[in-house]
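With the hints as constraints, model all of the structure from the sequences given.
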Amino acid sequence: MNLRLSVDALRVFRAVVQTGSMSLAASLLHLSQSAVSWKIKRLEQQLDCQLLARSGGLFGTTDQGAVLLRHALNILDAHDDAVAHFSPSAIQGRLRIGVTEQISLADVCAVLSQFSHHHPKVDVQLVVEQSQVLRERFADGVLDVILHQDFAGKAAPGDALLWTETLHWCAATAEQALPGETVKLITYGPHCFYRRLAEEKLGQAGMAWSVGLECPSVAGMLTAVAAGLGMAVVNERNLGQGVHRHVVLERLAPLPRVDSLLRANDNLPDPVRDGFCQLLLAALQKA
1 MNLRLSVDAL RVFRAVVQTG SMSLAASLLH LSQSAVSWKI KRLEQQLDCQ LLARSGGLFG
61 TTDQGAVLLR HALNILDAHD DAVAHFSPSA IQGRLRIGVT EQISLADVCA VLSQFSHHHP
121 KVDVQLVVEQ SQVLRERFAD GVLDVILHQD FAGKAAPGDA LLWTETLHWC AATAEQALPG
181 ETVKLITYGP HCFYRRLAEE KLGQAGMAWS VGLECPSVAG MLTAVAAGLG MAVVNERNLG
241 QGVHRHVVLE RLAPLPRVDS LLRANDNLPD PVRDGFCQLL LAALQKA
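Under full-length UniProt numbering, the letters of the sequence shown match residues 1 to 287, in that order.
One or more of the hints may lead you astray.
What the hints assert, rightly or not - Here are the computed distance ranges between Cβ atoms for each label pair:
#, residue 1, residue 2, range
1, D123, Q33, 31 to 37 Å
2, P256, G206, 15 to 21 Å
3, V67, V124, 30 to 36 Å
4, S217, L3, 47 to 53 Å
5, H117, S217, 25 to 31 Å
6, H71, S34, 23 to 29 Å
7, R245, L3, 46 to 52 Å
8, V128, R245, 23 to 29 Å
9, S34, G158, 16 to 22 Å
10, E236, S6, 35 to 41 Å
11, N74, S32, 23 to 29 Å
12, G240, G153, 22 to 28 Å
13, F151, R54, 19 to 25 Å
Simulated from the structure, these hints should not be mistaken for laboratory data. Bear in mind the structure is a predicted one, so any value in this text is a computation, not a measurement. Note that the Cβ used here is the ideal one computed from N, Cα and C, for glycine as well.
Take a look at the structure:
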């Protein structure tokens, strides 16, 4: 079979899967939505199978699409590495990135290292802050790209969904006794929406609370919880580090799910910003 797949079409396919949206993929790649749709249709015709399926308003892969995605990620990585080797980047500029610590800093820093290797003339600045602070700085034009969290379903129109996870009440042990009068909260600080959520849910359950410790880092907060100094709201990806879901609070004050989101200032085309976003989405898709 004399079948050749277009690198550009595979790039479009990857972007649609990573963003879950034809329109967001088109915006990210600076293509029209009809061009994105046509490239996907052309791939499906070539491979004689359906690659995408809509679920909950977002596009995901079919079984065959998942197979193609695995190959596409490898092909695009190899292609882009080869181009970077033989054609050193002349891209210059400044990229200001904000990330909340609830999203893996290891993954983000690995992408930044790879991006800086390919584009050494770009001045990159990384800020780690709470989601609300990141959104405010983005709105003020201080940051170009942010990776932030918000309650599931609250994403802004331009946000790309990375993943959704559940929040949990955590303590040193699953059966840690609740204090007779006041729940001691361990929080990330006054700017963290986890704290406002905790206060709201405890209030609804008729339970008194006070803040026993504020710590802006995930590691510090988990250390305090594991030591039995109080209870905290923890996202699913940070479970298992010496803390346990608290069965009683989970029942008395159930917590919602949260979305991890990518927001980019895409009012004007910017090869620095767009190149980083594509690299980041590809890395997080594999994570």
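Status of the hints after comparison with the structure:
Judged by the Cβ atoms, the range 31 to 37 Å given for D123 and Q33 holds: they are separated by roughly 33 Å. A hinted range of 15 to 21 Å holds for the C-beta pair P256 and G206, which are about 19 Å apart. Our hint of 30 to 36 Å for V67 and V124 holds, since their Cβ atoms are close to 34 Å apart. Hint check: S217 to L3, Cβ distance near 51 Å, so the stated range 47 to 53 Å holds.
For the pair H117 and S217, the beta carbons lie near 27 Å from each other, so the given range of 25 to 31 Å is met. Taken as a hint, the range 23 to 29 Å holds for the pair H71 and S34, whose Cβ atoms sit roughly 26 Å apart. At roughly 49 Å, the beta carbons of R245 and L3 sit within the given window of 46 to 52 Å. In this structure the hint that V128 and R245 lie 23 to 29 Å apart at CB holds, the actual value being about 26 Å.
The given range of 16 to 22 Å is respected by S34 and G158, whose C-beta atoms sit roughly 20 Å from each other. Under the hint 35 to 41 Å, the C-beta atoms of E236 and S6, about 38 Å apart, fit the expected range. Taking the beta carbon of each, N74 and S32 are about 28 Å apart, inside 23 to 29 Å as hinted. A hinted range of 22 to 28 Å holds for the C-beta pair G240 and G153, which are about 27 Å apart.
Taking 19 to 25 Å as the suggested C-beta distance range, the pair F151 and R54 conforms, at roughly 23 Å.
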